[in-house]
Amino acid sequence: MSRSLALEEFFKLSQVVAVSLLAGCNSIIWPDGDLDFSGTHDAAASTCLGAPFVDDFEAGPSPALWDLFSSNATVDYDGGTLGLTFVPTPALNVSLRSKHALDMRGRRVWLRIDTPPRADTGTKLQFALESSASVGFYMELISGSLAGYHRASQADAPSYDFNNVPFDLSKHAYLQIRHDGSELHFETSGDGTHFIEQGTVSSPQLASLDAIDVQVFVWGGSSSQTEVVRLDAVGGTACN
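For the sequence shown, counting from 1, position 114 maps to 113 in numbering that gives the first Met the number 0; every step adds exactly one.
The hints are simulated quantities; they were obtained by calculation from the structure and are not laboratory data. Keep in mind that the hints are not guaranteed to be accurate.
As the list claims (entries may be wrong) - Here are the simulated distance ranges between beta carbons:
hint	residue 1	residue 2	range
1	Ala154	Asp75	33 to 43 Å
2	Ser201	Ser131	16 to 26 Å
3	Ala154	Thr192	12 to 22 Å
4	Gly105	Asp75	33 to 43 Å
5	Gln153	Gly105	19 to 29 Å
6	Ala206	Asn162	35 to 45 Å
7	Thr73	Tyr159	25 to 35 Å
8	Ser202	Tyr159	14 to 24 Å
9	Asn71	Thr114	13 to 23 Å
10	Gly191	Ser222	30 to 40 Å
11	Gly189	Asn163	18 to 28 Å
It should be emphasised that the depicted structure is a prediction, and the values quoted were computed from it without experimental measurement. The beta-carbon is built from N, C-alpha and C at its ideal position, and this holds for glycine as well.
My request is simple: use the sequences and hints to build the entire structure.
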């Protein structure tokens, strides 16, 4: 399928979703003008061409928005959350990655956590904007501690923009990555309305934001305990 036909099909789908909302469905919410799901990699295309979203996983991640990969972990959608169960076996992980490259300039994306990884298991949750493998901007929760970093190339070590923040679900249920002007902000919130800045990244590290993927990655860390991590929603808001 050509890119133009693929885009046409995508926007037809978004119209169908909008109609379904009017009929009472609530698993995906599409406000006016936000994240660019057009697939364009034109650095000059700074307008909001696609549709913003809140995907609340009511029936699982929307296949129009995400590619879901699971290595041995069990995935469920009970209670309007995305549940990830890790049993005492190595090499367990789940990846939720945006199906299209996004133009994130002047925009934001957030993850809402329902049940975080336990502090005593070593399970790691990562929320990221990633331009290629291990290259991008990352918020990471492991062993009860929250950190944010960026990496310009696979050969580089992570450059931490904040580190060792004790995780508190009442304060950090929302992890947000937001671009504004010449800075990218790592932010947290307990209610999704009032966000606290934890760290920033400045230019020139932001060159890849015109075509970048949103990713949620969870690695199971325990060799002796079963653990369940639950994610409540992923969303974005209108252009700044």
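Hints, verified against the model:
Between Ala154 and Asp75 the beta carbon distance is about 38 Å. The supplied range of 33 to 43 Å therefore holds. Against the hinted window of 16 to 26 Å, the Cβ-Cβ separation of Ser201 and Ser131 comes to about 21 Å, which satisfies the hint. Restraint check, Ala154 to Thr192: a C-beta distance of roughly 40 Å breaks the suggested window 12 to 22 Å. For the hinted restraint 33 to 43 Å between Gly105 and Asp75, the CB-CB distance of approximately 36 Å keeps it satisfied.
For Gln153 and Gly105, the hinted distance range of 19 to 29 Å is satisfied, since their beta carbons lie about 27 Å from each other. Between Ala206 and Asn162 the CB atoms are about 24 Å apart, so this pair departs from the stated range of 35 to 45 Å. The supplied range of 25 to 35 Å is met by Thr73 and Tyr159, whose beta-carbon atoms lie about 32 Å from each other. Between Ser202 and Tyr159 the CB atoms are about 18 Å apart, so this pair conforms to the stated range of 14 to 24 Å.
Our hint of 13 to 23 Å for Asn71 and Thr114 holds, since their Cβ atoms are close to 19 Å apart. Under the hint 30 to 40 Å, the C-beta atoms of Gly191 and Ser222, about 35 Å apart, fit the expected range. Gly189 and Asn163 have their C-beta atoms about 19 Å apart, which keeps the hinted 18 to 28 Å range intact.
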